[in-house]
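**Student:** Dock chain B against chain A, hints included.
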Amino acid sequence: EPEVTQTPSHQVTQMGQEVILRCVPISNHLYFYWYRQILGQKVEFLVSFYNNEISEKSEIFDDQFSVERPDGSNFTLKIRSTKLEDSAMYFCASSDAARASYEQYFGPGTRLTVT
Amino acid sequence: SQQGEEDPQALSIQEGENATMNCSYKTSINNLQWYRQNSGRGLVHLILIRSNEREKHSGRLRVTLDTSKKSSSLLITASRAADTASYFCAGGSGAGSYQLTFGKGTKLSVIP
Numbered sequence: 001e002p003e004v005t006q007t008p009s010h011q012v013t014q015m016g017q018e019v020i021l022r023c024v025p026i027s028n029h030l031y032f033y034w035y036r037q038i039l040g041q042k043v044e045f046l047v048s049f050y051n052n053e054i055s056e057k058s059e060i061f062d063d064q065f066s067v068e069r070p071d072g073s074n075f076t077l078k079i080r081s082t083k084l085e086d087s088a089m090y091f092c093a094s095s096d097a098a099r100a101s102y103e104q105y106f107g108p109g110t111r112l113t114v115t
Numbered sequence: 116s117q118q119g120e121e122d123p124q125a126l127s128i129q130e131g132e133n134a135t136m137n138c139s140y141k142t143s144i145n146n147l148q149w150y151r152q153n154s155g156r157g158l159v160h161l162i163l164i165r166s167n168e169r170e171k172h173s174g175r176l177r178v179t180l181d182t183s184k185k186s187s188s189l190l191i192t193a194s195r196a197a198d199t200a201s202y203f204c205a206g207g208s209g210a211g212s213y214q215l216t217f218g219k220g221t222k223l224s225v226i227p
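Protein chains in written order, with this note's numbering: chain A, 1 to 115; chain B, 116 to 227.
Hint data in this document are derived by calculation from the structure and do not stem from the laboratory.
Just so you know, not all the hints are guaranteed correct.
To be verified - Restricting the straight-line Cα-Cα distance to at most 30 Å, the calculated cross-link-like pairs of lysine-lysine (DSSO-like) are: (1) Lys42(A) x Lys78(A); (2) Lys78(A) x Lys185(B); (3) Lys184(B) x Lys42(A); (4) Lys141(B) x Lys42(A); (5) Lys83(A) x Lys57(A); (6) Lys57(A) x Lys78(A); (7) Lys184(B) x Lys57(A); (8) Lys57(A) x Lys141(B); (9) Lys219(B) x Lys171(B); (10) Lys141(B) x Lys184(B); (11) Lys171(B) x Lys78(A); (12) Lys222(B) x Lys57(A); (13) Lys42(A) x Lys171(B); (14) Lys219(B) x Lys78(A); (15) Lys42(A) x Lys185(B); (16) Lys184(B) x Lys171(B); (17) Lys171(B) x Lys83(A); (18) Lys42(A) x Lys222(B); (19) Lys83(A) x Lys184(B).
Bound conformation, chain A alone (with noise of 0.2 Å):
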């Protein structure tokens, strides 16, 4: 069964650098997702993207995040100078929204960890 691949399964890093976290959305999916969970809370949406461009981003999806797709299979989250509180587990999904298919596919996850 096709499934969303994240790479790492945990980054460690110190404040201040950058830091890629990467997905590999289900093949036949037209729309991709970040999501984020801080321990102990809420997952919550970050930003969506399709047909090559951010779709809906929320608040917290601020100048330090960017989000791209540098070939047709991986999709990846990039945050330029990581704060302590950006630490968390950031979830990559996928959905077939094309079709009017709302489900969307999570992956297992970075657990990213700021110093």
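**Tutor:** For chain B alone, kept in the frame of chain A given last:
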């Protein structure tokens, strides 16, 4: 606005019993989805119910939606130890938006 506030926050039952989790939301939705998360792992999609549906079944799962009360429930019948996980509801507003708004979740423990 917040969507998807689940109750109870934690539920502990014996294997074989049924587990019911509830979710309330505040703004209008196009669809409501339930996800499971095993400790420290990713979210697994369980079931989606659209705003024009009242009930949906999938295996041992039964979901109801009451749009007049802005609430949904997830019933897991004949629970198993493997059902131990956190369960989240997530509302999708539709109308060109695909983002999901999650609640805090219910932590279900099924005791063998």
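**Student:** Against each hint, give a clear statement of whether it holds in the structure.
**Tutor:** Structure-based check of all given hints:
no.	hint	verdict
1	Lys42(A) x Lys78(A)	holds (21 Å)
2	Lys78(A) x Lys185(B)	violated (36 Å)
3	Lys184(B) x Lys42(A)	holds (23 Å)
4	Lys141(B) x Lys42(A)	holds (16 Å)
5	Lys83(A) x Lys57(A)	holds (19 Å)
6	Lys57(A) x Lys78(A)	holds (14 Å)
7	Lys184(B) x Lys57(A)	holds (29 Å)
8	Lys57(A) x Lys141(B)	holds (20 Å)
9	Lys219(B) x Lys171(B)	holds (23 Å)
10	Lys141(B) x Lys184(B)	holds (9 Å)
11	Lys171(B) x Lys78(A)	violated (39 Å)
12	Lys222(B) x Lys57(A)	holds (29 Å)
13	Lys42(A) x Lys171(B)	holds (25 Å)
14	Lys219(B) x Lys78(A)	holds (26 Å)
15	Lys42(A) x Lys185(B)	holds (19 Å)
16	Lys184(B) x Lys171(B)	holds (17 Å)
17	Lys171(B) x Lys83(A)	violated (43 Å)
18	Lys42(A) x Lys222(B)	holds (13 Å)
19	Lys83(A) x Lys184(B)	violated (40 Å)
Violation of the numbered hints given earlier is confined to hints 2, 11, 17 and 19; the remaining hints are satisfied by the structure.
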